[in-house]
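Colleague: Now for the letters of each chain:
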Amino acid sequence: MKSKTQGREKAWFPFGARGSQASAAGEAGARAEVRESFCAPSATVPCITVCSSKEGCDCGAEAVRAAFIEELEKKKLPVEVGLGKVGCGGKCKNGPYVGFPRKEFFYLGVKPGNVAEVVEETIVNGYILFPYLSIGPDRSYRNDIIYEKDTGLIATLHDKVCMVEVAKYFLDFESGLSCGKCVPCRIGMMRMLECLELMVSGKGTMEDLEQVRSLCQAMLDTPLCEFAMTSSRPVLSAVTHFEDEFRAHIERQECPAGVCADLVEIQRKRAIRERLKGKKKKK
Amino acid sequence: MAKVTLKINGQEVEVEKGTTILEAAKQIGVYIPTLCYHPNLPLEEACRICVVEDVRGSWSTLVAGCVFPCRNGMVIETDSEMVVDARRTIMNLLLSDHPNDCMTCYATGECELQDMAHLYGIKGEAYKGARHKYPVDYDKNPFLHLDMNKCILCRRCIRACHDIEGADIWTKVGRGFDQRIATAFDLPLEEAGCEFCGHCADFCPVDAIGFRGGRGEFRSWQLRRTSTVCLQCASGCRADYETHDGKVVRVKGDFNSPASSGALCKKGRFNFDFINSPERLTQASVKGGGAVSVEEALKAAAAGLEKVRDVSGGAAIGVLCGGMLTNEEYYMAQKLARGALLTNNVDNVAGPWQQAVYDGLSNSLGLGAMTNTLDDIAQARSVLVLGSNTLEKHAIAALRARKARRDEGILIVGHPDAVPLTKTASLHLRLNAGTEDHLLLGLLKVVVAEELFDQEYVEQHTQDLQKLTKSLDKVNLADVAEKTGIGEEQIKEAARLYASQRPACLVYGVDGNSPHSEGFYRMCCALQLLLGSVGAIGGGVNVMGGAGNAQGAADFGAVAKYLTGYRPATSSAARKVVGKLWGVDPADKAGLSWPDMFAAIEKGELKALYLVGANPFELGIPQEKVTAALGRLEFLVVQDCVANEACKLAHVVLPASSFIEKGGTATNCERRVQILEKVMDSPGEASTDFELINGLLGVLKPELKTESLGGAFVEAVQLMTELSGVDPAQISIDGLQWPVTPAGPGTERLTLPEDGKVKFRFFAAKI
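So the protein lines, in turn, are chains A and B. Residue 35 in the numbering used here is what sits at position 35 of the first sequence, and the numbering runs on without skipping anything. To get the numbering used here, take the position in the second sequence, counting from 1, and add 283.
Just so you know, these hints were derived from the structure itself, not from any lab. For each residue, glycine too, the CB sits at the ideal point set by N, CA and C. All clues stand as given, with none of them false.
Footprint (simulated), chain A over chain B, 3 or more residues, beta carbon under 8 Å:
1) 376 to 383
2) 410 to 417
3) 454 to 462
In isolation and in its complexed conformation, chain A is listed as follows (with noise of 0.2 Å):
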C-alpha cells in the first residue's frame, strides 16, 4: 500500500507493457529504470522480505534468506532483505514465502535453488514468475496478508503491517457479509469487532483481548455454517500468534507496526511529553 507512495510506477511492467519499447536500447534503459524504481534503498518498505522462521519451522527460510543475500550481494543490487511477520505453529503449507511489499505480491515455496531466478526475473527485470505467484483464495481479501485455512498461519508481507488492524479489518468485512440466522456469527461477530475497535483506539482491555478468544472459539464451536468458522479462524490465528502485538496495543497503548492512527497520535504525544521532561531536568 505504502509502495504506491514510492512514484515512477509506469516503470513496472509485469504483463507485457515491455512491449511499447520496440528498440533494444529503449529496453535496456527501461531494464535500469526498473531496478532503480522497484527497489529504490529509499523507500520506507523493503523491497523484498522472507519470511522469519519459527522455532520448530522445517521450511528452510533461513536459507532462502541467506540465499538472497549472497545473490543479491553478487549481483551488486543495493538491496536489502526485510523480514516477513509470520504466525504459524510451526507448520504451513506452501513453504518459506517471499513478500514484494512495495508490489503487494507474494512468492510461495521458493527454494534456495530457486533464488537466482527470482533475483534474476523479478527484482532485476521486473517479471511476475507464476509458478510461485501467490493466488489462491486462501491469499485472503488483502493484499498484504497471507492465510493458510488448513494450517492457521498468517503472515504478512512486512513488518509494518499491524496484526489487530489486520484482525479488525477481517471481522468488519465479515461482518457485513453474515447471514445473521445463528446467534454466534450475527452476535459474536459484531462484539469481537467492537473488542477490536476498542483496541485500535488505545481503549482496548485484556478482558476484551480474552472475549475475542472466548468469542473466537464458540464461532468455530457452534455456528449453523462454515461462514462464522471461516471468518473467526483468521482473527483466532492473529491473537494466537501475535499475542505480543495486542497486548503493547492494549497494555502500552502503542502500535508498533505505527498503522492504528489513534495509537501512533498517543505514542506521538508521550514522545513530546518525554522529550519535554527531559529537557526540564536538564534546566
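Given the coordinates of chain A, assemble chain B onto it according to the supplied hints.
Modeller: What follows is chain B alone, placed relative to chain A:
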C-alpha cells in the same frame, strides 16, 4: 424402520433411524434446552442453544441437538463443560443485544429467554456493545404489540406465519447484526395483509411480538389458564383462555386441540370483548318492574309463556336458540318447547342451513354431516372452496386448504369477491353471489360430458348414476355461464383442473346468502362421488356449520323439523319414543324454522318468543322489520349474556353465561363431541342457559327437569343412534366423532360402503 443405538450422557437409548438427538434425549428424560425449536413448527436451528457434544473418540464436536439425526454408536454429552460454555456464550451474546428490562416486561415469568438465563445464571452483563434501538410499539394495529428490541430472531413467527397460517407476513430483513423481523417493505401489518390470527404472538418466546390485551395490568403468573372449546365458529378449536380478575385477557392456541392442533383464527383469539363487556347482563329484569331476582323473573317468564300457550295454543310460541349453546342446552331448550310449551316452533340461528345439510348428505351418503375431518383438507390433492369467506368464517378449513396448496395441491376458490384465500388459489372463480348451485351443475355437466369421473369407483360403490346423467342432459352450459357470471370455458377449465388430481376435497362454508337446499347438497355429494373422493382420506363433502355449535343443535333436536337424533317431529312413531322417555308427549304439529317464525309474527300467528342466546338483530333481517316484529309480540323473553336491542322490548330479561363460563359438550362440524371446561364464574347473577331453562321447566313442568348436565346428555343419547350409549365422562380431550360404533370408538371419516350394504347414491341434479 431401522433402529439405531446411541449413548446420551452414558445412558444407552435405542431409537428409530432419523430421530433427532433432542427427541432421543426426551425419550430417556434428558433435558436439552431450546429456544428457536418448537415442537409444532418446522425446524430452524438458528439459536444454537441446543448444542450437544458429539464425542468421536479422541476429539469431539458440538452439534445442534434439535436437528442432528442419531447415528448408530453415537456418544452424546448434553451437559459437558464444552456444551455449557458454548450455551453460556450464546446466552451472553443474546442478552448483549436485548433490553433486559425484565422488571417491567409483559412476558416476565413466561419468557423463554428469561428462563434460559436463569438456568445458566446469565445476567447479561458479560458483553458490552451496541444494542439495537428500534421504536417500541411501532405498528398501530389493535391486536399485537411489537417491540423488536426484544427479538432474539428465533424466527418462530416466520415459521408460524408460513406453516400454520399460510399468510407469509413476517420475514427477515437485513444481514448480520442488523437483521430484524419485519413485513415486506416494512409495511404496516394491516397493509401487508396480516390476518391477525395471532400465531406469531403465540409462538414468540419473548415479548417482541406480544398481545395488547391486559398490557401493564397483570403479571403472567397471576393469570389462570383453562382450556375449553371455542364456540364462535363451527370448527370447535380448543383454546387456552387466560383470565385475570374475572376478565379474559388473552386467548392462546391449545396444541392438544384435535380440530385445529393449536391454530386459532382472529375471531377465536381476539373476539372476547363481549365476555368482558360492561354490557353484560348480570341481573334479571321484568318489564315495568326493573331488576328482580332470577327466580322471580323465571316465574314471570313461565307465567307469560303459559298464558300464551293456554290462550292461543302452543303453536303461538316460538323458541329460538343462539349458536353458542351446549348440546345439553339445545336438548333442554327443545324439550322445553316441545314438552312444556307444546310447540315444535323451536330452532337455532343456523337451523335452516344445518337441517338441509343433514337432509342432503344423509340421503346420498348415509352420513348427514361433514364426511371428513378438518385435518383431512390439508391432505387433499385438489380442493374446491365454495360459499363463505372461508378465511374469516371457517378459518381452520381455509388454513388446511392453503396447506394443501402449499403441498402442490390444487386450490380453486369460488367467491364473488377477491377474498384473502384467493391469493394462494390456483384458480379464482368470480361467480355471482349465491350461484354456487349453478356452478356445481356446470361442473357436474363437464365432469360427466368429458368423462372425467372415476369409472371404477362409480361402478363399485355407487348406484343410480343414470338419474344424474339424465338430469344433466337438460343442463345447458351456456345457461350456467350466464347465471354464474363465469365464462363457459372457465367452468370447463375449473372442472378439468379440479378433477385432475385426487383425492378431491369440497369445502363448503354455509353463509347467509349461499344456497342451502337439500338438492344443492346432493349435487355436492354427486360431484365428490364422481371423482371417487368420498370415503377417502383427504376427500369428502366438507360442509362447515353456520354457527358455533350448529352441528350439536341439529343433533340434539333444536331444529324445527327434527326431534333429538334426527327423528322427524311429525312422525307419530318418533313422538311415541320421545314421549315414553320424557313421560310427556311432545307437540305434534309441524314446527316453524326461524324465518317462518318471523313471518308468523308478522301475520299475528306467533305471539310469544323465547330467545335463548340469540340476537334477533344479527339474523340478517332488516332492523326495522325485527323491531316491528318484536313489538308485535304479546310476550318476549330474552335470555342472553350481553344486553342487546331486543332487551328493551322484552317482557322478561334473563342473564345468561357466556360459552366459557359453562361446562357441557359441544359438537363441531367434524361431528366431534368435545367437553367444555368452565373457565371462570359468570358475573353477577348470570347463570348458564342450562340452569335457566331448567328453572323455567321447574315452574312449567317439573317432571321434565334434568338435574345435571351429564344426566341431560345421557338422556339425550338414548334417542340418538349416532351417539348411542356414550358416557360424557368417557370423552377424552380428543373428543368423540359420531357415529360411534357399538364397540366404542367414533368415526373419524366416512368409509366406503361395505359389500352388500347400501351403496352411495346419486340423485337427479336440479335447482
